[in-house]
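Going line by line, the protein sequences match chains Y and W. Residue numbering for the first sequence follows UniProt numbering, starting at 1 and increasing by one per position. Residue numbering for the second sequence follows UniProt numbering, starting at 1 and increasing by one per position.
Since no wrong hints were added, every one of them can be taken at face value.
Any copy will do: because identical chains look the same in the list, a pair fits if it lies in one copy or spans two.
Derived pair list, reagent style BS3-like, types lysine-lysine, alpha-carbon separation capped at 27 angstroms: (1) K17 - K250; (2) K91 - K226; (3) K154 - K91; (4) K284 - K250; (5) K85 - K154.
Everything labelled a hint here was simulated from the structure, so no lab data went into it.
Protein chains: 2
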Amino acid sequence: MNYSCTAYELKCNECGKRFGNQPLSACPDCLAPLEVAYDLEAARGVFTREAIAAGPPSIWRYAALLPIPAGHQPDLPVGFTPLIKANNLGKRIGATNLYIKNDAVCFPTLSFKDRVVSVALANAQRFGFETVGCSSTGNLANSVAAQAARLGIKACILVPAELEAAKILNTQVYGARLVRIDGNYDHVNRLCSQIADEYNWGFVNVNLRPYYAEGSKTVGYEIAEKLGWRLPDNVVVPMAGGSLIRKIRKAFQELIYLGLVEEKPVRFFGAQATGCSPISQAVKLGNDFIEPQRPNTIARSLAIGNPADGPAASQMIRATGGWAEDVSDVELVSGMQELAETEGIFTETAGGVTTAVTARLYAQGRISPDELTVACITGNGLKTTDALAGHYPEERAVRPRLADFDAYLRELDGAAEPELAAIGGIHAN
Amino acid sequence: MNYSCTAYELKCNECGKRFGNQPLSACPDCLAPLEVAYDLEAARGVFTREAIAAGPPSIWRYAALLPIPAGHQPDLPVGFTPLIKANNLGKRIGATNLYIKNDAVCFPTLSFKDRVVSVALANAQRFGFETVGCSSTGNLANSVAAQAARLGIKACILVPAELEAAKILNTQVYGARLVRIDGNYDHVNRLCSQIADEYNWGFVNVNLRPYYAEGSKTVGYEIAEKLGWRLPDNVVVPMAGGSLIRKIRKAFQELIYLGLVEEKPVRFFGAQATGCSPISQAVKLGNDFIEPQRPNTIARSLAIGNPADGPAASQMIRATGGWAEDVSDVELVSGMQELAETEGIFTETAGGVTTAVTARLYAQGRISPDELTVACITGNGLKTTDALAGHYPEERAVRPRLADFDAYLRELDGAAEPELAAIGGIHAN
Chain Y
1 MNYSCTAYEL
11 KCNECGKRFG
21 NQPLSACPDC
31 LAPLEVAYDL
41 EAARGVFTRE
51 AIAAGPPSIW
61 RYAALLPIPA
71 GHQPDLPVGF
81 TPLIKANNLG
91 KRIGATNLYI
101 KNDAVCFPTL
111 SFKDRVVSVA
121 LANAQRFGFE
131 TVGCSSTGNL
141 ANSVAAQAAR
151 LGIKACILVP
161 AELEAAKILN
171 TQVYGARLVR
181 IDGNYDHVNR
191 LCSQIADEYN
201 WGFVNVNLRP
211 YYAEGSKTVG
221 YEIAEKLGWR
231 LPDNVVVPMA
241 GGSLIRKIRK
251 AFQELIYLGL
261 VEEKPVRFFG
271 AQATGCSPIS
281 QAVKLGNDFI
291 EPQRPNTIAR
301 SLAIGNPADG
311 PAASQMIRAT
321 GGWAEDVSDV
331 ELVSGMQELA
341 ETEGIFTETA
351 GGVTTAVTAR
361 LYAQGRISPD
371 ELTVACITGN
381 GLKTTDALAG
391 HYPEERAVRP
401 RLADFDAYLR
411 ELDGAAEPEL
421 AAIGGIHAN
Chain W
1 MNYSCTAYEL
11 KCNECGKRFG
21 NQPLSACPDC
31 LAPLEVAYDL
41 EAARGVFTRE
51 AIAAGPPSIW
61 RYAALLPIPA
71 GHQPDLPVGF
81 TPLIKANNLG
91 KRIGATNLYI
101 KNDAVCFPTL
111 SFKDRVVSVA
121 LANAQRFGFE
131 TVGCSSTGNL
141 ANSVAAQAAR
151 LGIKACILVP
161 AELEAAKILN
171 TQVYGARLVR
181 IDGNYDHVNR
191 LCSQIADEYN
201 WGFVNVNLRP
211 YYAEGSKTVG
221 YEIAEKLGWR
231 LPDNVVVPMA
241 GGSLIRKIRK
251 AFQELIYLGL
261 VEEKPVRFFG
271 AQATGCSPIS
281 QAVKLGNDFI
291 EPQRPNTIAR
301 SLAIGNPADG
311 PAASQMIRAT
321 GGWAEDVSDV
331 ELVSGMQELA
341 ETEGIFTETA
351 GGVTTAVTAR
361 LYAQGRISPD
371 ELTVACITGN
381 GLKTTDALAG
391 HYPEERAVRP
401 RLADFDAYLR
411 ELDGAAEPEL
421 AAIGGIHAN
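Sequences are here, hints too, so could you generate the full structure?
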């Protein structure tokens, strides 16, 4: 398959200066972050509903508006995850038109980070980096390690020392070099900036960040396409660095500009854990700046105390008429359980945050029951099983005999009557 | 979307008697297992390449040859997982035309069991069961629990007491009742047969088994479609009960019969852990019967000592000119690591078995390097992290300063020279 990309280059958000394409994340003049700017007019004939529908069931169907090098042959069928109508969860929290975007099953490493990493590594190859790396709260580590292994690129990954065991193993198993840093994500991230300069490595979320971040747009494209080329009324998005929520909006704006969807107002809602809630605090206080926090939450994948895109995210959320909320660790665990029990989706702690915040937004009346609302689940529960430790007591083992099973069920149900066949039964054909 | 299914009903493999559609797994006369028989002629105009291509990116694109009730609206986009060319793994094991079918990322619960469960539960609903259940070595438990939660059906799941923690949690989290049985899978399975009779529950792999097992055909359909409607030369499939490998063959035969692929010989290779290898032993000895074993392997999802479809699987494998092999627990762990390091795929212990057996089949010369070979990976590594415990020593945490990082890398690399920039670098643009 050949992918024709629209012309693009790096551009400073502040001064508008353009930089071609190179591994660079900030404007040398005004220090503002760089973004990828496309020749959107040129995309008109290429980025159409029909062309997209004819593409593969992966993010590469949107390649015309992704910054991948000319002639690049995408290697893996990343993304294109399910969008599920959540009627059961809706009943519990008072929503009648709620959808779940489920990146807990994203290919290949079960989080939305697979999207950004595949775009970043395409550019790492183009710029000739032999070693790639990242600072990560876990999901990014998993994805960089796995995709670098597949591409035959060396990977060196830096994480906070206190990361969940499953996320550490799920990085090491791919043969990546994993370095545990004695500090939180913000310490790790600062160090990575220095390493990128000294070692000339391609850090996906440092010197390759503008390309990397564009991968998140595919969440927005997929939401619109899977809704039948409509935009939702509301989107609820977990926030760590604050990039994803902004890129979903960018995707929607591109779709409107190119006529793939009708223009309509979409409100953006951000979700954080109270133990690390610098962006939700900024939204609540009406601030365009961020007061950094020292993270203290089990939602480690959201534990970024000084989020790079925090100011812009806060400003954007308020501009759309949205809001941000944050929930306690106890509430986020309940959110994980609620989503699993109602929709059969086992998400990590961050998804528990999104679920609990979504419930609260309905309870507050900030989202009306019948508004078309999409909650973004970004990672898999098998990566943060510790969060549920102790929530399900280990029942005793039962002998493999029917009489023992019967007795055990009676014990569990506290039923005196052995009228057990009434528990279930054939009722119709 | 409306799905028109071909007419089907249960039929005895031995005596040919037909039973309509009902929750029944064995012929009351000759006790042989029942299978779903279709009116294949009626499928000719319906089950075409074009109709399938126009379907959704899930197993429901093959609904015309799945036993789902008329008018059934499939609820979840199950399956349609990636088929990946495995050049890196191929280089290590001497294969030049090797593919991985990757059900480690199957939706919704990360194993091929999602396919069979979605078909079984469609029939559980049609037969009016209010409670469903299964005997399981883990993956099936996860899938029944999740999909039953989504459908609002009660679930009671029986597992061997010694199951991996992640698989137990990943069942409980969906709100299913989990009963740990003091015995191995074969004990659990026998008990479930008795419970199904007494309680009138819908056990997906007991009284719903004929419908359930048909879901596995979709692995075969997907392999052929993703190869551009071609059959491979060889398929390597892990074996627990022995059902999957037979159903992949059934799928291929249906595709040949209906003219979707050209007829060609396909050899089937079975993979087991030596600690539970009743089917591979039967193949090696040329037996059509199974000598039951007491399982003793960390590949718990394959630990079925008395596999229901073992005799038929052994016979079929030999009839196709294939073979079966089994590997030790040490080898299967290496297989897990090798697949992760080369292709970025983190699979569970069963996938380590498949990978290690595949390598051995090439080494033995049973598969030639250039033959088009597909190895089936059926589950995710995050469910069996214990298997890798102790394989990756916990490195010390490094202070978040460049000098400390430099020193740490030198220490790891044992390099005297601080010529660190040479490790990676920008080489081209």
